[in-house]
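Each chain, written out:
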Amino acid sequence: MGATGYAKDVIIIGGGPAGYAAAIYAVRAGRSTLLIEGLQPGGQLTTTTDVENYPGFAIPITGPELMTAMRDQAKRVGTEYINDVVESVDLSQRPFKVRVGMGELEARTLIIATGATAKYLGLESEQTFIGRGVSACATCDGFFYRGRRVAVIGGGDTAAEEALYLTNHAKEVLLVHRRGELRASQIMAGRVQKNNKITPKWHRELDEVLGDETGVTGVRLRDPRTNETEVLDLDGVFVAIGHRPNTDFLGGQLALNDAGYLITAPDSTRTSVDGVFAAGDVQDSVFRQAVTAAGTGAMAGIEASRFLEEQP
Amino acid sequence: MSKSIETGTDANFDEMVRDSAVPVLVDFWAPWCGPCRMVGPVLEEVAAEYAGKAKVVKVNVDENTQVAGTLGIRSIPTVALFYKGAVKETLVGARPKQDFTDVLDRALGESLSN
Numbered sequence: 664m665g666a667t668g669y670a671k672d673v674i675i676i677g678g679g680p681a682g683y684a685a686a687i688y689a690v691r692a693g694r695s696t697l698l699i700e701g702l703q704p705g706g707q708l709t710t711t712t713d714v715e716n717y718p719g720f721a722i723p724i725t726g727p728e729l730m731t732a733m734r735d736q737a738k739r740v741g742t743e744y745i746n747d748v749v750e751s752v753d754l755s756q757r758p759f760k761v762r763v764g765m766g767e768l769e770a771r772t773l774i775i776a777t778g779a780t781a782k783y784l785g786l787e788s789e790q791t792f793i794g795r796g797v798s799a800c801a802t803c804d805g806f807f808y809r810g811r812r813v814a815v816i817g818g819g820d821t822a823a824e825e826a827l828y829l830t831n832h833a834k835e836v837l838l839v840h841r842r843g844e845l846r847a848s849q850i851m852a853g854r855v856q857k858n859n860k861i862t863p864k865w866h867r868e869l870d871e872v873l874g875d876e877t878g879v880t881g882v883r884l885r886d887p888r889t890n891e892t893e894v895l896d897l898d899g900v901f902v903a904i905g906h907r908p909n910t911d912f913l914g915g916q917l918a919l920n921d922a923g924y925l926i927t928a929p930d931s932t933r934t935s936v937d938g939v940f941a942a943g944d945v946q947d948s949v950f951r952q953a954v955t956a957a958g959t960g961a962m963a964g965i966e967a968s969r970f971l972e973e974q975p
Numbered sequence: 365m366s367k368s369i370e371t372g373t374d375a376n377f378d379e380m381v382r383d384s385a386v387p388v389l390v391d392f393w394a395p396w397c398g399p400c401r402m403v404g405p406v407l408e409e410v411a412a413e414y415a416g417k418a419k420v421v422k423v424n425v426d427e428n429t430q431v432a433g434t435l436g437i438r439s440i441p442t443v444a445l446f447y448k449g450a451v452k453e454t455l456v457g458a459r460p461k462q463d464f465t466d467v468l469d470r471a472l473g474e475s476l477s478n
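Sequences listed follow chains A and B, in order. Quick note: the first sequence uses this note's numbering, first residue 664, plus one each step. Quick note: the second sequence uses this note's numbering, first residue 365, plus one each step.
Because the hints were derived from the structure by calculation, they are not lab data. It is possible that part of the hints are untrue.
Stated by the list, open to error - Within a straight-line C-alpha distance of at most 25 Å, the following computed PhoX-like cross-link-like pairs (lysine-lysine) qualify: (1) A/K760 <-> B/K461; (2) B/K422 <-> A/K782; (3) B/K448 <-> B/K422.
Unchecked claim - To spell it out: a stretch of chain B is covered by chain A in this simulated footprint if at least three of its residues, at any positions, have a beta carbon under 8 Å from a beta carbon of chain A; those stretches are: (4) 409-423; (5) 454-462.
Even for Gly, the Cβ is constructed at its ideal location relative to N, Cα and C.
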């Protein structure tokens with residue numbers, strides 16, 4: 664593989680609902696389509712359990728099952744896949760260049776569907792203990808905390824979901840939030856309140872993760888109103904404070920908004936560069952649902968194909 | 365199909381990993397772990413490329429709770445480099461192939477300079 668001068672009509676970067684939906688539409692519009700799956704084929708949904716709100720499934724389907732179904736469908740209609748990590752892109756002229764581990768690819772249009780990654784607080788003590796008691800994924804790592812006490816940091820739907828999931832394993836879950844109430848949806852907040860294993864710790868921020876060579880042994884929490892601190896013994900800390908869109912590989916070549924999300928034109932997936940489109944969580948900070956990602960993915964596939972009609 | 369990766373268990377871990385003369389990448393995984401399925405094939409390639417110079421061993425943490433517990437591993441996938449009986453480096457989460465080959469190259473480079 665190398666810069667052979669053989670450009671694909673559409674290269675899609677990202678293997679989640681947005682990427683797979685875009686692929687289905689681009690391929691069915693007759694465009695040669697390559698989808699680059701990164702380190703987590705299927706995306707964020709592969710780390711959820713039951714998906715109750717994706718239309719079409721009265722009996723909940725699991726995240727991994729749903730993503731396998733989408734991936735298989737995109738493959739069946741004729742999408743070409745490669746598993747590699749995009750290191751950089753060159754959008755200065757068409758065909759665009761995409762540098763991956765195994766070489767360089769060329770694309771007449773590009774669809775960015777790289778999604779978002781869970782944010783960490785940025786504390787040094789947090790980084791020290793990643794994998795040894797600090798995690799951002801309850802479904803991935805909850806298994807290791809059977810019968811133990813853990814903390815979930817955050818106050819939104821993600822934090823509520825992580826806390827509820829962890830009650831399947833842990834004996835106690837502390838839900839640490841700097842405000843006095845959750846900003847999660849009503850239904851999630853209600854479930855949290857009813858669950859006896861979840862103890863809310865309102866008006867608390869994570870000050871430091873404490874531990875030793877065996878891993879995490881506790882946390883120090885701080886009340887932002889008074890600056891008073893308390894130390895609690897526990898075995899795990901799950902950070903659930905939100906997500907960060909994956910745009911670093913773009914090297915600033917596309918316009919981002921203040922929160923780091925790709926800017927797209929209204930009612931469109933067009934980005935600041937003609938021929939480059941963006942779909943899913945990488946450009947959506949408002950909805951961030953699988954169905955809205957699939958929706959914008961389909962839009963991107965259609966828009967890329969229409970673009971090629973005008974500018975082959 | 366040749367099997368480049370060996371299967372480590374609580375029972376054989378010391379012999380297979382700690383007592384190994386060559387560096388060993390230990391892949392802690394579980395069947396229900398999505399990112400682990402990504403790391404698996406990557407490590408198969410690494411195992412084939414480094415055959416004879418280094419080993420790759422997979423440990424299913426569902427079935428073997430002792431080893432992961434002793435090492436304080438609470439997240440998977442975790443890939444730990446063992447050399448001369450001890451953990452030298454640890455990689456948490458799915459990574460591109462180069463991250464794993466870099467770890468092995470560092471260990472092998474160190475052995476050449478001794």
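Against the structure, the hints come out as follows:
Of the pairs offered as hints, the one joining A/K760 and B/K461 holds, with about 22 Å between alpha carbons and a cut-off of 25 Å not exceeded. The suggested pairing of B/K422 with A/K782 is violated, with an alpha-carbon distance near 29 Å, which exceeds 25 Å. Restraint check: the Cα-Cα separation between B/K448 and B/K422 comes to about 18 Å, which is no more than 25 Å; the hinted pair holds. Residues of the segment 409-423 of chain B lying with their CB closer than 8 Å to a CB of chain A number 0, which falls below the three-residue condition for coverage.
A count of 8 residues in the segment 454-462 of chain B with a Cβ less than 8 Å from any Cβ of chain A is obtained; the coverage claim is therefore met, three being the minimum.
The structure fails hints 2, 4 (numbered hints given earlier, in ascending order).
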